[in-house]
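Asker: Chain residues, written in single-letter form:
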Amino acid sequence: MECRDLSSEELERYSRQIPVIGCEGQLRLKKSRILVAGVGGLGSVVLYYLVAAGVGEVVFIDDGVVELSNLQRQVLYTTEDIGEPKVLVAEKRLRALNPHVKLVPVKATITEDVLEKYVREIDVVVDALDNWETRFILDKVAWRYWKPLVHAGVGEYYGQLTVVKRGVTSCLRCLFKGIESSGRGKVVVLATTPGLLGLLEVNEVFKIILGVGEPLYNKILVFNGRKPSLDIIEVKVSECRDVCED
Amino acid sequence: MIRVKILETNREAELDVKQIIVKDLLSILGLTISEHIVLKNGEVVTEDDVVEDNSEVVIFTVKSGG
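Those protein sequence lines, which keep their order, are chains A and B.
Here the working numbering = 1-based position in the first sequence + 23.
Here the working numbering = 1-based position in the second sequence + 21.
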């Protein structure tokens, strides 16, 4: 793969990044297909940077509309967008940002059936959801098709991040098996927390696609914005066949 | 002796017991199992698991929001 496989416009657009990842890396990004589940605080940031950096295709799923209380942290939206479907507003903003990226907005409740339509063709799945019940559905489908799943969750000043991949780690349902999966309370969070964790999710996607560095396999990054601190906790792989392979 | 580290508060504690059930450990520490992950020597454990003498326990809060 050579730089000639990129247009002159693309070479200029990515000219501050290509010296870091090479034309081969840029082409790897261009050929990648990413699914982002949820287009809220995490998803806004995840989508913005995936598209800016030049991934090939992003499928993004959310059934919500923009609300005034979203705007403090969901940076894809403006006051004028209130009441509009998030995925359609996101599509408009992202297309203006980078027309080279194929955008697939899906306005739907995230169910196993919906995910089945998209996940098998995807390279990396990103969890930008706001509840464990849907996360565990996403985990189930990603696991079924051996797709790496980048997870983050946020609240207040805190967040956690990890990457699960069948054959390498335990599944998310095993890793977080003690967590109460029901309930969807309102997200209470400082504006910067999803921004930071969303960026770290994108960084994990890039490492996986580019094949560089060490993805957070069998490690959980725990962010505490009050200290501030980042702790990396090593986690042993558990079998959990009863949980992961149902 | 069971050594416990709670990341959220950076608090460390030593419990002079031979063994304890995870839910009792969390209760002593004033924490809820539904919002915390407990690692015993690097392995995820749940509320009915037992933590034995000489174990190292790390507890951290998990958040659900996006």
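Keep in mind the hints are simulated off the structure, nothing from the lab.
In this text, all values refer to a predicted model and were calculated from it rather than measured experimentally.
Ideal Cβ placement from N, Cα and C applies to all residues, glycine included.
Some hints could be false.
[As the list claims (entries may be wrong)] Which bits of chain A does chain B cover? Going by a derived footprint, with three or more residues having C-beta under 8 Å, they are: (1) 67-79; (2) 138-148; (3) 211-224.
[To be verified] The following residues of chain B were derived to be distant from chain A, with all beta-carbon distances above 10 Å: (4) Met22; (5) Ile23; (6) Glu33; (7) Glu35; (8) Lys39; (9) Ile42; (10) Glu73; (11) Asn75; (12) Lys84.
[Stated by the list, open to error] Distance condition first, Cα-Cα at most 27 Å in a straight line; then the derived DSSO-like pairs of lysine-lysine: (13) B:Lys61 - A:Lys54; (14) A:Lys140 - A:Lys250; (15) A:Lys163 - A:Lys250; (16) B:Lys26 - B:Lys44; (17) A:Lys209 - B:Lys39; (18) A:Lys250 - B:Lys61; (19) A:Lys259 - A:Lys230; (20) B:Lys61 - A:Lys188; (21) B:Lys26 - B:Lys39; (22) A:Lys242 - A:Lys259; (23) B:Lys44 - A:Lys200; (24) B:Lys39 - A:Lys259; (25) B:Lys26 - A:Lys250; (26) B:Lys26 - B:Lys61; (27) A:Lys140 - A:Lys259; (28) A:Lys140 - A:Lys163; (29) B:Lys61 - A:Lys242; (30) B:Lys26 - A:Lys163; (31) B:Lys39 - A:Lys170; (32) B:Lys61 - A:Lys163; (33) A:Lys230 - A:Lys54; (34) B:Lys39 - B:Lys61; (35) A:Lys259 - B:Lys44; (36) A:Lys242 - A:Lys170; (37) B:Lys61 - A:Lys209; (38) A:Lys130 - A:Lys163; (39) A:Lys170 - A:Lys140; (40) A:Lys259 - B:Lys61.
Asker: Does each hint hold? Answer for all of them.
Answerer: Consistency of the hints with the structure:
1. 67-79: violated (count 0)
2. 138-148: violated (count 0)
3. 211-224: The restraint on the region 211-224 of chain A holds, since 3 of its residues have a Cβ under 8 Å from chain B and three suffice.
4. Met22: Per Cβ check, Met22 (chain B) is outside 10 Å of chain A; nearest 21 Å; holds.
5. Ile23: Correct as stated: the minimum Cβ-Cβ distance to chain A is 18 Å, above 10 Å.
6. Glu33: Consistent with the label, Glu33 (chain B) stays out of reach of chain A, its closest Cβ about 13 Å off (over 10 Å).
7. Glu35: Holds: least Cβ distance 20 Å, greater than 10 Å.
8. Lys39: holds, 23 Å
9. Ile42: Label holds. Min Cβ-Cβ 13 Å, cutoff 10 Å.
10. Glu73: The assertion about Glu73 (chain B) holds, with a minimum of 16 Å to chain A.
11. Asn75: Consistent with the label, Asn75 (chain B) stays out of reach of chain A, its closest Cβ about 17 Å off (over 10 Å).
12. Lys84: Answer for Lys84 (chain B): violated, closest chain A Cβ roughly 3 Å.
13. B:Lys61 - A:Lys54: violated, 41 Å
14. A:Lys140 - A:Lys250: Answer violated: Lys140 (chain A) to Lys250 (chain A) is near 42 Å, above 27 Å.
15. A:Lys163 - A:Lys250: violated, 34 Å
16. B:Lys26 - B:Lys44: Holds, at about 16 Å.
17. A:Lys209 - B:Lys39: It is violated: about 41 Å lies between the C-alpha atoms, which goes past 27 Å.
18. A:Lys250 - B:Lys61: Cα-Cα ~24 Å, so holds.
19. A:Lys259 - A:Lys230: holds, 22 Å
20. B:Lys61 - A:Lys188: With Cα atoms ~22 Å apart, Lys61 (chain B) and Lys188 (chain A) stay inside 27 Å; holds.
21. B:Lys26 - B:Lys39: holds, 18 Å
22. A:Lys242 - A:Lys259: holds, 9 Å
23. B:Lys44 - A:Lys200: holds, 14 Å
24. B:Lys39 - A:Lys259: holds, 23 Å
25. B:Lys26 - A:Lys250: holds, 16 Å
26. B:Lys26 - B:Lys61: With a Cα-Cα distance of about 11 Å, the restraint between Lys26 (chain B) and Lys61 (chain B) holds, given a limit of 27 Å.
27. A:Lys140 - A:Lys259: Outside the cut-off at roughly 32 Å; violated.
28. A:Lys140 - A:Lys163: At roughly 14 Å apart (the allowed maximum being 27 Å), Lys163 (chain A) and Lys140 (chain A) satisfy the hint.
29. B:Lys61 - A:Lys242: holds, 14 Å
30. B:Lys26 - A:Lys163: Given pair Lys26 (chain B), Lys163 (chain A) is violated - Cα atoms ~31 Å apart, limit 27 Å.
31. B:Lys39 - A:Lys170: violated, 42 Å
32. B:Lys61 - A:Lys163: holds, 25 Å
33. A:Lys230 - A:Lys54: holds, 15 Å
34. B:Lys39 - B:Lys61: Holds, at roughly 14 Å.
35. A:Lys259 - B:Lys44: At roughly 21 Å apart (the allowed maximum being 27 Å), Lys44 (chain B) and Lys259 (chain A) satisfy the hint.
36. A:Lys242 - A:Lys170: holds, 18 Å
37. B:Lys61 - A:Lys209: violated, 31 Å
38. A:Lys130 - A:Lys163: OK: Lys130 (chain A) and Lys163 (chain A) at ~21 Å, within 27 Å.
39. A:Lys170 - A:Lys140: holds, 14 Å
40. A:Lys259 - B:Lys61: Roughly 10 Å between the alpha carbons, so the hint for Lys259 (chain A) and Lys61 (chain B) holds.
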